[in-house]
Amino acid sequence: MTNYLEFEKPLAEIEGKAEELRALARANPDMDVEKEAAGLDKKAADMLKDLYKNLTPWRKCQVARHPDRPHCKDYIDALFTEYTPLAGDRNFADDHAVMGGLARLYGTPVMVIGHEKGHDTKSRIERNFGMARPEGYRKAIRLMEMAHRFKLPVITLVDTPGAYPGKGAEERGQSEAIARSTEKCLQIGVPLISVIIGEGGSGGAVAFATANRVAMLEHSVYSVISPEGCASILWKDSEKMREAAEALRLTAQDLEKLGVIDKIIPEPLGGAQRDRKGTIESVGKALEVMLKDLSKRTPQQLIQDRRKKFLGMGSKGLAA
Amino acid sequence: MNWISNYVRPKINSLFSRREIPENLWTKCPECGTMLFHRELRDNLNVCTSCDHHMAITPRDRFEKLFDGGIFTEVAVPEPTTDPLHFRDQKRYPDRMKAAQRQTGEKEAMLVAEGEIGRTPIVAVAQDFSFMGGSMGMYVGNAIIAAAERAVELKRPMVLFSAAGGARMQEGILSLMQMPRTTVAVEMLREAELPYIVVLTHPTTGGVTASYAMLGDVHIAEPNALICFAGPRVIEQTIREKLPEGFQRAEYLLDHGMLDRVTHRCKMREELVTILRMLLGQPAAVKGDLPAPELTETPEPNEEASKADSSSKAEDSKA
Numbered sequence: 047m048t049n050y051l052e053f054e055k056p057l058a059e060i061e062g063k064a065e066e067l068r069a070l071a072r073a074n075p076d077m078d079v080e081k082e083a084a085g086l087d088k089k090a091a092d093m094l095k096d097l098y099k100n101l102t103p104w105r106k107c108q109v110a111r112h113p114d115r116p117h118c119k120d121y122i123d124a125l126f127t128e129y130t131p132l133a134g135d136r137n138f139a140d141d142h143a144v145m146g147g148l149a150r151l152y153g154t155p156v157m158v159i160g161h162e163k164g165h166d167t168k169s170r171i172e173r174n175f176g177m178a179r180p181e182g183y184r185k186a187i188r189l190m191e192m193a194h195r196f197k198l199p200v201i202t203l204v205d206t207p208g209a210y211p212g213k214g215a216e217e218r219g220q221s222e223a224i225a226r227s228t229e230k231c232l233q234i235g236v237p238l239i240s241v242i243i244g245e246g247g248s249g250g251a252v253a254f255a256t257a258n259r260v261a262m263l264e265h266s267v268y269s270v271i272s273p274e275g276c277a278s279i280l281w282k283d284s285e286k287m288r289e290a291a292e293a294l295r296l297t298a299q300d301l302e303k304l305g306v307i308d309k310i311i312p313e314p315l316g317g318a319q320r321d322r323k324g325t326i327e328s329v330g331k332a333l334e335v336m337l338k339d340l341s342k343r344t345p346q347q348l349i350q351d352r353r354k355k356f357l358g359m360g361s362k363g364l365a366a
Numbered sequence: 005m006n007w008i009s010n011y012v013r014p015k016i017n018s019l020f021s022r023r024e025i026p027e028n029l030w031t032k033c034p035e036c037g038t039m040l041f042h043r044e045l046r047d048n049l050n051v052c053t054s055c056d057h058h059m060a061i062t063p064r065d066r067f068e069k070l071f072d073g074g075i076f077t078e079v080a081v082p083e084p085t086t087d088p089l090h091f092r093d094q095k096r097y098p099d100r101m102k103a104a105q106r107q108t109g110e111k112e113a114m115l116v117a118e119g120e121i122g123r124t125p126i127v128a129v130a131q132d133f134s135f136m137g138g139s140m141g142m143y144v145g146n147a148i149i150a151a152a153e154r155a156v157e158l159k160r161p162m163v164l165f166s167a168a169g170g171a172r173m174q175e176g177i178l179s180l181m182q183m184p185r186t187t188v189a190v191e192m193l194r195e196a197e198l199p200y201i202v203v204l205t206h207p208t209t210g211g212v213t214a215s216y217a218m219l220g221d222v223h224i225a226e227p228n229a230l231i232c233f234a235g236p237r238v239i240e241q242t243i244r245e246k247l248p249e250g251f252q253r254a255e256y257l258l259d260h261g262m263l264d265r266v267t268h269r270c271k272m273r274e275e276l277v278t279i280l281r282m283l284l285g286q287p288a289a290v291k292g293d294l295p296a297p298e299l300t301e302t303p304e305p306n307e308e309a310s311k312a313d314s315s316s317k318a319e320d321s322k323a
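In order, the protein sequences belong to chains A and B.
Residue numbers for the first sequence follow my numbering, beginning at 47 and rising by one.
Residue numbers for the second sequence follow my numbering, beginning at 5 and rising by one.
Among the clues, some could well be false.
Straight-line Cα separation of at most 20 Å, SDA-like style, residue types lysine to any residue; simulated pairs [unchecked claim]:
1. Lys286/A x Arg92/B
2. Lys95/B x Arg288/A
3. Lys213/A x Ile243/B
Chain A regions said to be covered by chain B (calculated; three or more residues, Cβ under 8 Å) [to be verified]:
4. 110-116
5. 159-168
6. 291-297
7. 329-338
8. 348-357
These are computed hints drawn from the structure, not numbers from a lab.
Ideal placement from N, C-alpha and C gives every residue a C-beta, glycine not left out.
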C-alpha cells in the first residue's frame, strides 16, 4: 500500500483505478483489461513526471518528510557491513533518536552517525521522531572523538525536524550539547562527510553537518526553521507555510547555488520513497566518491579546509 | 510657584492625559512599577534601583560604562551581502532593516570594540536586542569573527555579551551557517590560548545559545535572564504541561550546571577584571587601579519641569 502525499491525490486515483482493473481481471480470467490498464499506467507515469518536474519548496518539504522515505537505519542496513552500534553518552542515557557506531562502507571502516525517525508508531515514539536530546549529541561527540583518535572517516546522515524542545532536554543543556557537537565537527582530523537524506532541521542538523562535504538528496530540505514555524512568526499565520517555504530557500537546488552544500544526489522519479533501493545505492556511490576524494588529505588540511569552507560561506548571495 | 501650579495642575493633567510625563525622563520598571528617573537609571546601568530588575541596555551604553573612562574604539566589521535571499514576508527584508536602523541608530545587531577595563586590554562584543531582536545573521557572524581575529592579533581576551532571539530567519540557511562560523571564531581564541568569557543577558535563545554563547571558558549571566534553546512557549506546546517557576532563567541554569555565575550588572565589570587578570597571570587589580568610567553629565532639567515630574510620579505610583 503506497502512502500518497496530498498533492499526489490525483495520481493516487489513477494508480488506484489501474490496480482495481487488474484485480478485477484476476478474478475474471475472461476479461481483457490490460489495454485499458496500460493506458492508465501511462497516464499515471506522465502525471508523476509532471508533478515532480517542478516541485514547489513546500511540496519538497512534504516529500522530505514522506513516511516511506528511506531513513538512517535503512541506509545503515543496506550500505554498511559489520555495523556495530555504540550506545550512550557515558553521562546520562542513550538517545535512540541518534544511531551510531562502527561499520564498513565498501570495506573501509568508518564511524557512521545519524538521526533515525522510525517507521511506525512504536518505533517513531522510541526514536522520538528523530528529535535528539542532549544525550544524542553527546553520544555523537563521543563517537567523533573516537573516530579522530583511530583515524576513521565519519559519515553523518541527517534527518531531523530539529532538536527536541523538551523540559529535560533544556535542563540537561540542549544548547551546550549542540554547540559542542558543532565544535567537535570542526576539530576532528578525519574526513567528515554529511548527507542530508530528508529533513535538515536547524541547529539539530548543523550539529552533525559541519562537514568537509555536505551532500543533499534531490528532494531533501535544510533550513534554519520549519516553514510552519517561520510562517507563524513572520506571517503570524502558520497556514502561510507555502510562502515561508518559498522565501526560506530551503531546497537542495537553492542551497547549492548559495554555496552551502557541495553536491546534490539525484532521486528516482517520484521521490526516494518510490525506489528506496535505488536511492540508497546512489547515496552509497556518492559517499564512496567523496570519501576517496578526501582520503589523501592530512588531518591538518582537513581541519583547515573545513574552517575555510564555513568562514567563506555567504560570500555569494542568490542572484535572481 | 504656588499651590495651584505645583499640585493642582499636575493632578488635573494626570487625570486627562498621562502624556504630560516627558517620555524620556522617566521609565517605569516593568517588574515592580517604580518610576525611575533617567539619570538614576542610566547610572545604574538600566537596573531598577528598587527591585534590581535588569532592563535591556544597548551595546553602546554598556560599553560606555564598561571601558575605563568610557573610552573604546570600534572594530570594523566586514559588510556582508545585503538581503542574500531576496527575502520577503509581509514586509521586504531591506525595509525591516531600514526600520531597525532608523529606530536604533545602529547599523546592525552587534557592536565590536577594543579598549581597557581596569587597565586590562580586551576586545568586547555586544549584541543589540533592540535591533531586530539581536538576531544572528551574517553581520553578527562577521562581527564575532572580526572580534576574534582582532583579539588574536592583539593577544587580548574576548568578552561577549549575548542577547538574541536566535537566528535571523530573513537570511535563511545563511543565518544557520553562522553557528559553525562563530564556532570557528571561538576555536581561533582557544588555539591562541586567549580567554573567552560569555556574559549571557536577557534573552539569549535559539541558535545563538546553541553556538558561541555556550562555548565560553567562563559563563556569567545577568540575574533572571532567559537562556534557552527552545523557548518556554514552544516547550509548553510540545509537552502540554505548565513549566516550573523560574524555568530557563539564569538561576535555574546555574543550578543545572550550564553557568559558572549569575552576577548583577553593576558588579560585572569588576568581576570580569578579576577573572581576566587571573586567567592572564596578571597581578591583582588594586582598587585605585580601577578608574570608574567618567560620567557624561546630563543637563539638569529645569526646576519647574522636575517638580512637575515628581508630583506626577507621586500620582502615578498611587494609581
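Going down the list of hints, with the structure as the test:
1. A C-alpha spacing of about 13 Å is found between lysine 286/A and arginine 92/B, which places the hinted pair at or below 20 Å, so the restraint holds.
2. Proximity of lysine 95/B to arginine 288/A is assessed by CA-CA distance (about 16 Å); at most 20 Å being required, the pair is judged to hold.
3. Simply put, lysine 213/A and isoleucine 243/B have alpha-carbon atoms about 8 Å apart, close enough for the 20 Å limit, and the pair holds.
4. With 0 residues bearing a CB less than 8 Å from a CB of chain B, the stretch 110-116 of chain A misses the requirement of three and the coverage assertion fails.
5. Check on the stretch 159-168 of chain A: 0 of its residues sit with their Cβ under 8 Å from a Cβ of chain B, so the three-residue criterion for coverage is violated.
6. Only residues whose beta carbon comes within less than 8 Å of a beta carbon in chain B count, and the stretch 291-297 of chain A has 4; three or more means the coverage holds.
7. Counting residues of the stretch 329-338 of chain A whose CB falls under 8 Å from any CB of chain B gives 0; the rule of at least 3 is not met.
8. Counting residues of the stretch 348-357 of chain A whose beta carbon lies closer than 8 Å to any beta carbon of chain B gives 3, which meets the minimum of three for the stated coverage.
In the structure shown, a violation is registered for the earlier hints numbered 4, 5, 7, in ascending order.
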